[in-house]
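Protein chains in written order, with the numbering used here: chain E, 1 to 266; chain Y, 1001 to 1286.
In case anyone wonders, no lab produced these hints; they're calculated from the structure.
A portion of the hints provided could be inaccurate.
Stated by the list, open to error - List time: in silico EDC-like cross-link candidates among lysine to aspartate or glutamate, alpha-carbon distance up to 20 Å:
hint : chain 1 : residue 1 : chain 2 : residue 2
1    : Y       : 1063      : E       : 122
2    : Y       : 1063      : E       : 107
3    : E       : 231       : E       : 212
4    : E       : 165       : E       : 201
5    : E       : 129       : E       : 142
6    : E       : 250       : E       : 229
7    : E       : 231       : E       : 32
8    : Y       : 1214      : Y       : 1224
9    : E       : 129       : E       : 107
10   : Y       : 1063      : E       : 81
11   : E       : 129       : E       : 201
12   : Y       : 1058      : E       : 81
To be verified - Which stretches of chain Y does chain E cover? Using the computed rule of at least three CB atoms under 8 Å from a CB of chain E, they are:
hint : segment
13   : 1061-1068
14   : 1171-1182
Think of the CB as a built atom: it goes at the ideal place given N, C-alpha and C, for glycine as much as any other residue.
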Amino acid sequence: MSEISQPAILEIRDASVAALREPSLMVVEEVEWTILPAEFWVVAGQQYSGKSDLMMLAAGLMNPAGGSCRVFGCETASFGEAQLAERLRVGFVFQGGQLFNRLTIAENVALPLRYQKNWTSEQATESVKTLLDILELSPIADLTPPNVAASWRLRAALARALILKPELLLLDNPLHGLGVRHRQWLLHFLDQLWRGHEWLDNRPMTLIVSTEDLRPWQNARRKFALLHEKKFVPLGLWTEIAATENPMVKELLAEPEEIIVATKSL
Amino acid sequence: MQGKLSNLFHLPEKQWLGHVPLPRTYTDYLGRKLLLFLLTVQGLGAFALITLGVILRKSGMAKNVIRPRIRQEIARAGVALLPMFIFIALALGFLVVGQTVAALEKVGAINYLGSTMVIVVVRELGPLLAAMLVLARVGTANVIELGTARALGEVEALEALGIDPVHYLIVPRVIGMALGIFSLTVYLIIGTLVSGYLFAFLQNAALTPDNYFKQITSALGWLDFVLLALKTIAFGFFIAIVTCYHGLAQPLRLEDVSRVAVRAISQGVIVCVFVDALFIVIYLFS
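Generate the whole structure from the sequences, applying the supplied hints.
Written out as structure tokens, the structure is:
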């Protein structure tokens, strides 16, 4: 899907990533990463391996502690009002959604549109309704997030990230805590976005997801990377990681039962 | 924009100061306290300047989102507190004005009632009491709401959506609180003066309503109106800044929120007293 001649959407060079809540603590170092348009990257790592911090860096929400990070050719360290247009080309879905608890699901989804375009709630209604329908959120549109199950909150957060039609979408551990039905729906929907969804005028989207379990992401055309011991290791395509001897990759590919057995045998 | 807000006011040296072992001497202790005080002043000053800058630069931006939020904050820091302020005004009138009338009558100084009331109620007690009540009721809610929002990652979510957290969360609170305290102070003063006269009337004080209000109006100068407006707006601005700073500007965990709320309210009281002292100086020199 990607073409080498295309300009990179994201370029991270020799970057160090600090923890958001503890800036003196380095969680990933020496990151070298280039993402081209319409690529689908899966970044795997165990808990506390720095996935969320790396994702926030890639989205321009954090500055690198060292090195550089460029999103759409723009240095994220200098992201400010003047670079708002570039900023809005990036969508981000936090693990857990991070919805605004005082707003309803529909108001959460409408907020970016209303703020960025200075629209009234009436002006935003049509776009919001269309997107809520696509994500099957209409029945819970008037509920506030605390009254909605976590799986639906994540879906609402996805709708909120998509309302401005970004070109690059990052999802931090999106499958975490999802039931089978929501998991299948999300994998299918992300695949549709990647190939070009009607909401995005059939334009293919660039996607980056982080995960603690590689198995659900199996796809011959996705690219994979590993976060382990503060290192960012690009792994390549699925065919390459399926054949790898890397013990961490094997653990991330293992069935939960296999991990339990392996732990017991220690 | 920045998770960037999280780093803007993040003062690692301040956290370090809070965790070092107990100092061995009083001078060490005082030095540490002074340093913490200066760092807090630096953080609050930076936050206030950034907020002012955002108010000025983005006054016309996202009006359809920000104006309803400002109205909401005015309702919260003003209209919703009106019943409580009417009660306080009645109580204050009975306690202060009524007793003052009785005391002045005993010494035959009832003609000084107007100037006494202006000094006590209009210049001092009214604005300061209104500020303290709003600080206690709305300021506390501000710290808890923003602290919780911060701890739950809502600030980062705003930044991810290209929404300036200062513009969306702080500016409406600052404007709402400034206008709320100003309006409530006016109502408090009027209510106190009226209820005070009612109490004096019940005591059979030799004072007609005409005479009472004439004394008050003649004791009031144009400067009283100007400084009353400036003082109450300053109270609202600084209370909002202190409470929002503690709630929003530093990364928090949920368990930190109650501790931060206590600190914010203490600092809010101190800031109000400083602002009040500043206005006393202005009165004295004018």
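Now for the hints, and whether the structure bears them out:
Of the supplied pair hints, the one linking residue 1063(Y) and residue 122(E) holds, its CA atoms being roughly 14 Å apart against a limit of 20 Å. Our distance criterion of 20 Å between C-alpha atoms is met by residue 1063(Y) and residue 107(E), whose separation comes to about 16 Å. Restraint check: the Cα-Cα separation between residue 231(E) and residue 212(E) comes to about 16 Å, which is no more than 20 Å; the hinted pair holds. With a C-alpha separation of about 9 Å, the suggested pair residue 165(E) and residue 201(E) falls inside the 20 Å cut-off, and the hint holds.
Proposed proximity of residue 129(E) and residue 142(E) is supported: the alpha carbons are some 12 Å apart, at most 20 Å. The straight-line distance between the Cα atoms of residue 250(E) and residue 229(E) is roughly 15 Å, inside the 20 Å bound, and the hint therefore holds. A threshold of 20 Å between alpha carbons decides the hint, and for residue 231(E) with residue 32(E) the separation of about 10 Å falls inside it, so the pair holds. Only pairs whose Cα atoms come within 20 Å are accepted, and residue 1214(Y) paired with residue 1224(Y) is accepted, the gap being roughly 16 Å.
The suggested pairing of residue 129(E) with residue 107(E) holds, with an alpha-carbon distance near 11 Å, which does not exceed 20 Å. With a C-alpha separation of about 17 Å, the suggested pair residue 1063(Y) and residue 81(E) falls inside the 20 Å cut-off, and the hint holds. For the suggested pair residue 129(E) and residue 201(E), the alpha carbons sit about 17 Å apart, so the restraint of at most 20 Å is met. Restraint check: the Cα-Cα separation between residue 1058(Y) and residue 81(E) comes to about 11 Å, which is no more than 20 Å; the hinted pair holds.
Restraint check on the segment 1061-1068 of chain Y versus chain E: 5 residues with Cβ-Cβ distances below 8 Å, three needed, restraint holds. Under the rule that three or more residues need a Cβ within less than 8 Å of chain E, the assignment of the segment 1171-1182 of chain Y is violated, with 0 such residues.
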